[in-house]
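Put chain G on the given structure of chain U with help from the hints.
Protein sequence lines, in the order shown, are assigned to chains U and G.
Its first residue numbered 11, the first sequence is counted upward by one per residue in this note's numbering.
Its first residue numbered 11, the second sequence is counted upward by one per residue in this note's numbering.
Since the hints were derived computationally from the structure, they do not count as laboratory data.
Please read all numbers here as calculations on a predicted model, not as lab measurements.
Where is the CB? At the ideal position from N, CA and C, for every residue including glycine.
You may find that some hints are simply not true.
Per label pair, the in silico range of CB-to-CB distance [stated by the list, open to error]:
(1) U:Gly-200 <-> G:Lys-425: 51 to 61 Å
(2) U:Gln-250 <-> G:Gly-256: 16 to 26 Å
(3) G:Ala-204 <-> U:Ser-243: 50 to 60 Å
(4) U:Asn-385 <-> G:Gly-200: 35 to 45 Å
(5) G:Tyr-271 <-> U:Ile-98: 40 to 50 Å
(6) U:Glu-130 <-> G:Thr-334: 52 to 62 Å
(7) U:Glu-130 <-> G:Asp-39: 20 to 30 Å
(8) U:Asn-399 <-> G:Gln-197: 51 to 61 Å
(9) G:Asn-14 <-> U:Glu-347: 21 to 31 Å
(10) G:Glu-347 <-> U:Gly-200: 49 to 59 Å
(11) G:Val-392 <-> U:Ile-195: 45 to 55 Å
(12) G:Ser-427 <-> U:Ile-195: 57 to 67 Å
Okay, derived cross-link-like pairs now, EDC-like style, lysine to aspartate or glutamate, Cα gap no bigger than 20 Å in a straight line [said to hold, decoys possible]:
(13) U:Lys-163 <-> G:Asp-316
(14) U:Lys-165 <-> G:Asp-39
(15) U:Lys-266 <-> U:Asp-354
Incomplete in silico selection of chain U near chain G, CB under 7 Å [said to hold, decoys possible]:
(16) Leu-33
(17) Glu-123
(18) Ser-321
(19) Leu-324
(20) Thr-334
(21) Val-391
This is what each chain is made of:
There are 2 protein chains.
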Amino acid sequence: MDKNVIHLGVAGFGTVGTGLLKLLSANKDWIYRRLGKKVEVKTILVKDIYKKREFLPPKGIKFTDNMHDIIDDPEIDIVVELIGGTTIARELIKKAILAKKHVVTANKAILAENGRELFELASIQNTALYFEASVGGGIPIIQTLKENISGNKIKSLTGILNGTANFILTKMSQEKLTFENALKIAQEKGFAEADPTLDIEGIDAAHKLIILIMLAYGQNYPINKLTIEGISSIDPYDIQMAKEFGYNIKLIGQVKERSGYLQAGIFPALVPNKHMLAKIDGPFNAILLEGNGVGPIMLYGQGAGDLPTGSAVLSDIMAIVRTTTYNNTGFSNDLIEEAKILEDRYTSYCHYFRFQVEDRPGVLAILAGIMGERNISIAQVVQRQNSQNKYVPVVFLTHKAQLKNVKDAIEEIDKLSFVHPGTKHYRILT
Amino acid sequence: MDKNVIHLGVAGFGTVGTGLLKLLSANKDWIYRRLGKKVEVKTILVKDIYKKREFLPPKGIKFTDNMHDIIDDPEIDIVVELIGGTTIARELIKKAILAKKHVVTANKAILAENGRELFELASIQNTALYFEASVGGGIPIIQTLKENISGNKIKSLTGILNGTANFILTKMSQEKLTFENALKIAQEKGFAEADPTLDIEGIDAAHKLIILIMLAYGQNYPINKLTIEGISSIDPYDIQMAKEFGYNIKLIGQVKERSGYLQAGIFPALVPNKHMLAKIDGPFNAILLEGNGVGPIMLYGQGAGDLPTGSAVLSDIMAIVRTTTYNNTGFSNDLIEEAKILEDRYTSYCHYFRFQVEDRPGVLAILAGIMGERNISIAQVVQRQNSQNKYVPVVFLTHKAQLKNVKDAIEEIDKLSFVHPGTKHYRILT
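Here chain U stands alone, though its shape is the one from the complex (with noise of 0.2 Å):
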């Protein structure tokens, strides 16, 4: 850009604004000698311009609860869409991009359901369309995506994408805590929102996983495809016994490249405890991926949070001062195709159940036969006397088998008179 001074209009005021806001004041000097140009907040758009707030920002910035008032201002350079949701952040969005603004967004929703449309549109317009913020808060995901490793085939990507779920499940495991108390907890220190459905339920994780599936592979991956499993209904149980067997239940957002297709997914998965991801614990997010040059390489840092994510909007801003040449996706001619998609059923893992059976001969023989009919060979077996219970657990480790013949082999087992239906099953990460 050849202004001097670059006037962003920041559309929304919630964590991540006040995040942006405190670190443009904090760091202003040395922003501008990273730039040599300022950039500075002219207006801020908020639903209600009364509102008290706690964080106040610097005199001069006009508030407005009128969106023309940042797209129509023709000294707006960058616009911020710090709005969330998929409606008023869409139209904000796309008028911005039409008047020729730069939008910078940490909006995934909308990246994961309309980022095709919008990536066209600001192609169309030569504007950019930068979000670093939507993955991962501050970790620098998206332009290593997009820039540093784009010359190479990534064969899978692997992360822990949400910060809420792996609190919880932190909690879980170090602490005995059912799921129910963790989320509590959680919610006390301003980790899990009220509503908390979004982040325990893998739909958050999805959104971000989608968007990195089309900076990875340039695929259009439709949510509606995508096998999402969350959390909820995961038992401190198991996780104890994935420990002993030496390995993390962590909520795993993976994509993997067979022949051309790609098979994706949101689901708990074992990870050993040598992998890389089973180190990850807290709020953190980690993206661990292998391309057919760079090899494994893992990125870690805060997946949240009013600094970290403002980092990350930031980071965008000063991309965008720094050049006239946008490059949104990462492809020539933001070129995004449709997912050639390899069904989640017929992929291979190595697979973690738990029965509960009634304890008498031969129960292990016809679970196992079962099994065997359907090609999944079982490596580890464990079987605890519990004399207060009906049924006793069984837990079985397995070689690698289709998803397809496990669902089928639970579906049959869980159809035995001496099985207690509701038999747990997780993938186990190699």
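What follows is chain G alone, placed relative to chain U:
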């Protein structure tokens, strides 16, 4: 760049050059989809054009031993410098920039020693001088510092910057080997060179740290002012003792900012098991940094090897092709200041000591007294029986204490009649 085919001149055709050529060939169509342009090697500069080579590049590429075949060729857009060293490489880079060619280099020594001069020249010529491959192989640390977190003030940066040293220390730790035996294995596996001095004495890591300091702080830290300690004198006994206390010994590169001054050094240190860097094993590298916005982030991957380093070179090439505005250092006008340095000896760490003392009453009290006089407060002590030797080892772990006081204490203690000189001392990361 406006051209449809980008021509490279590659100087040097060893490990990294081979990796680059392999990637350009294997990912040819993918790179085209990313850029909408072809990237082709036109000329390769080598010392001996008749040398037998294991990897043969595609036909049509010209081999030459005359650098002017690259510099004076108007068709060549980007010069890739992979010669290494600081003589011919420096001449080539300067001449290439003067000929208005963009330069990509993996040469950490030249950037650490002549970086300022070369960046100034590139700034005047408005050409790119990119160097992602110079630190951390395929790990995207250079772009992360130049771009993503460039709006952050960096509080500290701590890295495992040399894969050879980390491989040796991992072997020593896991298999209880001596340094000499671990080095031998590293050499057999190709992780260490015949003359391993640069790697094991910390010089390679020092070059890398100086580059990272330039990018993080915009300061030129002269290598002769940097504390550089290697790993060749590390005793397996201390590695095992550290383990018992819950630490791994790693070769660390670290810079911390305190009130505008930088403290930096390369040194072996005890890293607590819970620290992210304690988990980095084998030939891997990792850089953990803390920004005032992003908080802690860590980047992890292979620090060397043909394809990972080739991938980093490729990322620079693609970044240059994508833009017309070059960001070489991450600072406006590439303005690098002289470093404001706080001497290493005035910095505080926790410390590990192993004294060899005669086993007789009062010895511990004397050692503790000398330390107490210098404000070195002891956190843990272990004394082991050892009937075979005249001297028994006494290990102290201390709270934070200034390095100067620590060195003074060691000097005094090593002079005591009942102490065997050659006390082992390592810093402890917290």
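Structure-based check of all given hints:
no.: 1; hint: U:Gly-200 <-> G:Lys-425: 51 to 61 Å; verdict: 56 Å, holds
no.: 2; hint: U:Gln-250 <-> G:Gly-256: 16 to 26 Å; verdict: 23 Å, holds
no.: 3; hint: G:Ala-204 <-> U:Ser-243: 50 to 60 Å; verdict: 58 Å, holds
no.: 4; hint: U:Asn-385 <-> G:Gly-200: 35 to 45 Å; verdict: 39 Å, holds
no.: 5; hint: G:Tyr-271 <-> U:Ile-98: 40 to 50 Å; verdict: 48 Å, holds
no.: 6; hint: U:Glu-130 <-> G:Thr-334: 52 to 62 Å; verdict: 23 Å, violated
no.: 7; hint: U:Glu-130 <-> G:Asp-39: 20 to 30 Å; verdict: 23 Å, holds
no.: 8; hint: U:Asn-399 <-> G:Gln-197: 51 to 61 Å; verdict: 59 Å, holds
no.: 9; hint: G:Asn-14 <-> U:Glu-347: 21 to 31 Å; verdict: 22 Å, holds
no.: 10; hint: G:Glu-347 <-> U:Gly-200: 49 to 59 Å; verdict: 39 Å, violated
no.: 11; hint: G:Val-392 <-> U:Ile-195: 45 to 55 Å; verdict: 37 Å, violated
no.: 12; hint: G:Ser-427 <-> U:Ile-195: 57 to 67 Å; verdict: 58 Å, holds
no.: 13; hint: U:Lys-163 <-> G:Asp-316; verdict: 16 Å, holds
no.: 14; hint: U:Lys-165 <-> G:Asp-39; verdict: 16 Å, holds
no.: 15; hint: U:Lys-266 <-> U:Asp-354; verdict: 10 Å, holds
no.: 16; hint: Leu-33; verdict: 5 Å, holds
no.: 17; hint: Glu-123; verdict: 24 Å, violated
no.: 18; hint: Ser-321; verdict: 3 Å, holds
no.: 19; hint: Leu-324; verdict: 4 Å, holds
no.: 20; hint: Thr-334; verdict: 6 Å, holds
no.: 21; hint: Val-391; verdict: 30 Å, violated
Checked against the numbered hints above, the structure breaks hints 6, 10, 11, 17, 21 and satisfies the rest.
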